[in-house]
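Undergrad: Got chain S sorted already, so can you dock chain C onto it with the hints?
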Amino acid sequence: MSGFAIPTVAAAAQEGGGEPLPFLIIGIWILLLAVFVGFELITKVPPTIHTPLMSGANAISGITIVGALYCAGTGYGGLGQFFGFLAITMATVNCVGGFLVTDRMLKMFGQRGKKS
Amino acid sequence: MTLGLLAISSSVEQVVYMAAALCFIFGLKRLSGVKTARSGNAFAALGMALAVIITLGIVADVSWFVLIGGVAVGTAIGLALATRVQMTAMPELVALFNGLGGAASAFVALAEVARFSGRLSEEGATAGSLSGLGGADLAVAIGLSVLIGSVTLSGSLIAFGKLSGKIWKNRFGPIGSQAVNLATAAVCVLLVVWAGFMASSSGAVLSAHLLLVVAALVLGIGLVMPIGGADMPVVISLLNSYSGLAAAATGFVLQNNLLIIAGSLVGASGLILTQIMCKAMNRSLPNVLFATFGEEEGGGGKDEGYTGVKSSGAEECAPILDAARSVIIVPGYGLAVAQAQHKVREMASILEGKGVEVRYAIHPVAGRMPGHMNVLLAEADVPYEQLFDLDQINAEFRNADVAIVLGANDVCNPVANDDPTSPIAGMPVLNVWDAQTVMVVKRSLSAGYAGIKNPLFEADNTLMLFGDAKKMVEDLVTELQEL
Chain S
1 MSGFAIPTVA AAAQEGGGEP LPFLIIGIWI LLLAVFVGFE LITKVPPTIH TPLMSGANAI
61 SGITIVGALY CAGTGYGGLG QFFGFLAITM ATVNCVGGFL VTDRMLKMFG QRGKKS
Chain C
1 MTLGLLAISS SVEQVVYMAA ALCFIFGLKR LSGVKTARSG NAFAALGMAL AVIITLGIVA
61 DVSWFVLIGG VAVGTAIGLA LATRVQMTAM PELVALFNGL GGAASAFVAL AEVARFSGRL
121 SEEGATAGSL SGLGGADLAV AIGLSVLIGS VTLSGSLIAF GKLSGKIWKN RFGPIGSQAV
181 NLATAAVCVL LVVWAGFMAS SSGAVLSAHL LLVVAALVLG IGLVMPIGGA DMPVVISLLN
241 SYSGLAAAAT GFVLQNNLLI IAGSLVGASG LILTQIMCKA MNRSLPNVLF ATFGEEEGGG
301 GKDEGYTGVK SSGAEECAPI LDAARSVIIV PGYGLAVAQA QHKVREMASI LEGKGVEVRY
361 AIHPVAGRMP GHMNVLLAEA DVPYEQLFDL DQINAEFRNA DVAIVLGAND VCNPVANDDP
421 TSPIAGMPVL NVWDAQTVMV VKRSLSAGYA GIKNPLFEAD NTLMLFGDAK KMVEDLVTEL
481 QEL
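If you read the sequences in order, they're chains S and C. Count the first sequence with our numbering and you get residues 1 to 116, in order. Count the second sequence with our numbering and you get residues 1 to 483, in order.
Extracted from the complex, chain C is given alone in its bound form:
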């Protein structure tokens, strides 16, 4: 046991670690409730601070340049990203941070490899391999840490790309097909065995682990590429779980129980959250991860032969809204893309001024991320009391005069209820068609992520308002102001 700056004994360190672990557990619990989440986050941050401070007190013989330098650069970047990035880019930011966490675990394991391989050249033929030096469990722990950490890094970067719209393909050459994924996974396992148990010179051990990094990065890309943009939240939640596992594996490498505890907590809770998200879409996790809807892109761009679609404009719709008593707004991804939330708020205020009751129906997977719509509308100062989730509002549609669908598609597709063979069969949807009049604001008749036709658009009581969500709402505002 090394004594660092403050000559702290290992018992004190362990006690502080216990306090940190309790902070994480308590914080994570509170993070799962709307009212307690903010304090939960604070508790978890406190736990992290405790762990870092006590570790700084313990480490000896370090290059303070490396240490302070790393922390300073990391803090600067983390601070800049967290405070400057737009709210709508939150999901991709979470993906990015997650990837970095996984990469950090991999690099810690690689540092251990560097340290051990140094000793391998000293001790020469007697040790024979990494496992000979430090034990089979160490070799496996290092291998797993490098593997999981690297998969998390590349997977998260692909998720980042998909969410920010930079990547939209489902394949990158052969990478992305499940056959290639299986082969890559096999190569990774073989490399773990070779790097830890067979490579016998310091150079070989190091290069074997670096090869493992490359193979694992490829695997990460291949696993996430084929999954469509709309499913990214589930993927990120799963990758979050993986980065926890990587941290736990690193804990076995360093014999640090706090790493094992915190890593396992995140790993396990991440898995449960992933399951919860899948249930909200009424799909199973294997279905999300391995089944793909389309060949190249996940649907979109197909005009599937609609008949009897009524196209309309702001001039015609404004009086309908004006005369209504109750309006329910259904926001979707289109609203986020068009950044129309402030205009929507404006329109809602005008309607309320005319005595109309305005409510918002938030589907659990509307937008790019659960809670995405809530964040956008909160940004526009929409009162919390006007937001309702699916169970609360679904029965209300039949009492509403108008339902305005803003850039949402699959979440209000009646096919989910009517057609058991449909890809979205069984998915809970919003019953917008029960309203007297339905106004759908959409750029075109193209399909949503699920790539299927939405009979809502041809319904008798539906009016299609073709255009950008922001522009269309702006026009409605103008018309309403003149009435």
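Bound-form chain S, shown alone:
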């Protein structure tokens, strides 16, 4: 999979040639920072934009498609690939449908001011 290994120079400086930090620790760092960013990003949101924002954020949660694509790998075996197929299909619906629906909602915001 896509691991995340700290360059060995840094690791060497830490422990004199030891292994890189386990992914779990790095993952937790990333999670903490991303959660903080997420909290800070959404401040004043007028009610009119709540629904499109929800729809757009939902489309972003389709990022799981990136993981699903790996599951098409032969190493997963028949059952694994079947689960993978389902995952890919559903995640694609989430992404494609999500971004399109959000755009459709937002199109209405632009048009309104033009007619009277």
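A few of these clues could be false.
To be verified - The calculated lysine to any residue pairs, modelled on SDA-like cross-linking and capped at a C-alpha distance of 25 Å, are: (1) S:Lys107 with C:Phe388; (2) C:Lys453 with C:Asn431; (3) C:Lys29 with S:Pro22; (4) S:Lys107 with C:Arg38; (5) S:Lys44 with C:Val85; (6) S:Lys107 with C:Leu46; (7) C:Lys166 with C:Leu289; (8) S:Lys107 with C:Gly305; (9) C:Lys29 with S:Thr74; (10) S:Lys107 with C:Asn431; (11) C:Lys166 with C:Leu46; (12) S:Lys44 with C:Lys453; (13) C:Lys279 with S:Leu100; (14) S:Lys107 with C:Lys35; (15) C:Lys169 with C:Glu479.
Since the hints were made in silico from the structure, they are not lab data. Quantities reported herein were computed from a predicted structural model and do not represent experimental measurements.
TA: Just chain C now, kept in the frame of chain S:
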């Protein structure tokens, strides 16, 4: 690190992932402003495209049939749903997509289980369990991903049902009571532990996780069932947050930092949006999730003994409108159900032709979803400048000659201001009673979601127009044209 189609190195992949993450952050920020939202959505979509393309470049040894097949089918379905479904069904569509996203995360975790359990049968007794094979953190991550993803799926499907009117009960047998929910949650936790740490054969590990799916689906149903239809937007926002968490958990399973970042972004921002929505209703999140108003249905169908209600018709009301200088229209869920927005636009045009000032007062939680009324009125080509939100218009009611309430109820109930013991006490409401005349278009005197009486209907300056919103407005249009 595997090298795929394009023999891309892992460093390149990481750089593209960073670009994608920045697109998501930037896009999400812009999505929270009315003017910048459309470009924000485009940015986020760009980030997704980058992530998908680079992943396709990296994956090796895949069944292209599975891959292309899945993407093709998914694109076709997503495209069809997004473009064909009616505007008024947008909220339920968002719920559906959200459920699918959660399900996808669960299935990815299950695929990993399938992959690992294969190795378990090879390595036999030495590994002993899923955590023995891949570590405790992997076992927990898989368990959480399956759990959260499945809860999101069933919860979202129930939300879909409630919003589209297909489900209206608050219970499904014992499922829905908080006691049962607590028990189900406990079972889920136990299953996560058993599936990841104790099940020792490949068959056992797989079936344990499938059992977890079932338990989590039940939990999802039980958590969303008891919540009333009017609160669904808050629930969907929360489920949205959960699907982000599920994606983040999957990121730990696959050791993919983009999944963790994007999932956490959505998880955290979804939670904040949920809080913002609760504040607009002046209720706390626990109150929305766990307190229920009614036993079976959330109110409605009760004629609570009104006195002095003045029933009227289009013939009597049209001259009042004709003579008015300023009219404020208050749309509500009834307008959406009756699909009356185009007729309302027609009526507004006629009134404006007679020199009447027409404005619309949009309450933050009017309709089925925040912004629902805005979308409906936009569909009917109502100019953006005529829509006002609560803070802008509330002081204006006392200067208005007529306030027309179309299918709205709790959002203009004076009890919210006057009675501290009421279920809706403190909720910001529209002061329609300040207008000289109030016309309420409603099918009957039945209560709104909150299930309480609305003294507005018995007020001296209120005229009740009983009927379907679309038909009533049509009659008003006909009468106005004759004047």
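Undergrad: Would you mind marking each hint as holding or not holding in the structure?
TA: The hints, checked one at a time:
{"no.": "1", "hint": "S:Lys107 with C:Phe388", "result": "holds (19 Å)"}
{"no.": "2", "hint": "C:Lys453 with C:Asn431", "result": "holds (16 Å)"}
{"no.": "3", "hint": "C:Lys29 with S:Pro22", "result": "violated (32 Å)"}
{"no.": "4", "hint": "S:Lys107 with C:Arg38", "result": "holds (8 Å)"}
{"no.": "5", "hint": "S:Lys44 with C:Val85", "result": "violated (30 Å)"}
{"no.": "6", "hint": "S:Lys107 with C:Leu46", "result": "holds (18 Å)"}
{"no.": "7", "hint": "C:Lys166 with C:Leu289", "result": "holds (20 Å)"}
{"no.": "8", "hint": "S:Lys107 with C:Gly305", "result": "violated (45 Å)"}
{"no.": "9", "hint": "C:Lys29 with S:Thr74", "result": "violated (39 Å)"}
{"no.": "10", "hint": "S:Lys107 with C:Asn431", "result": "violated (31 Å)"}
{"no.": "11", "hint": "C:Lys166 with C:Leu46", "result": "violated (36 Å)"}
{"no.": "12", "hint": "S:Lys44 with C:Lys453", "result": "violated (33 Å)"}
{"no.": "13", "hint": "C:Lys279 with S:Leu100", "result": "violated (29 Å)"}
{"no.": "14", "hint": "S:Lys107 with C:Lys35", "result": "holds (11 Å)"}
{"no.": "15", "hint": "C:Lys169 with C:Glu479", "result": "violated (41 Å)"}
When the structure is compared with the earlier hints, violations turn up for hints 3, 5, 8, 9, 10, 11, 12, 13, 15 and for no others.
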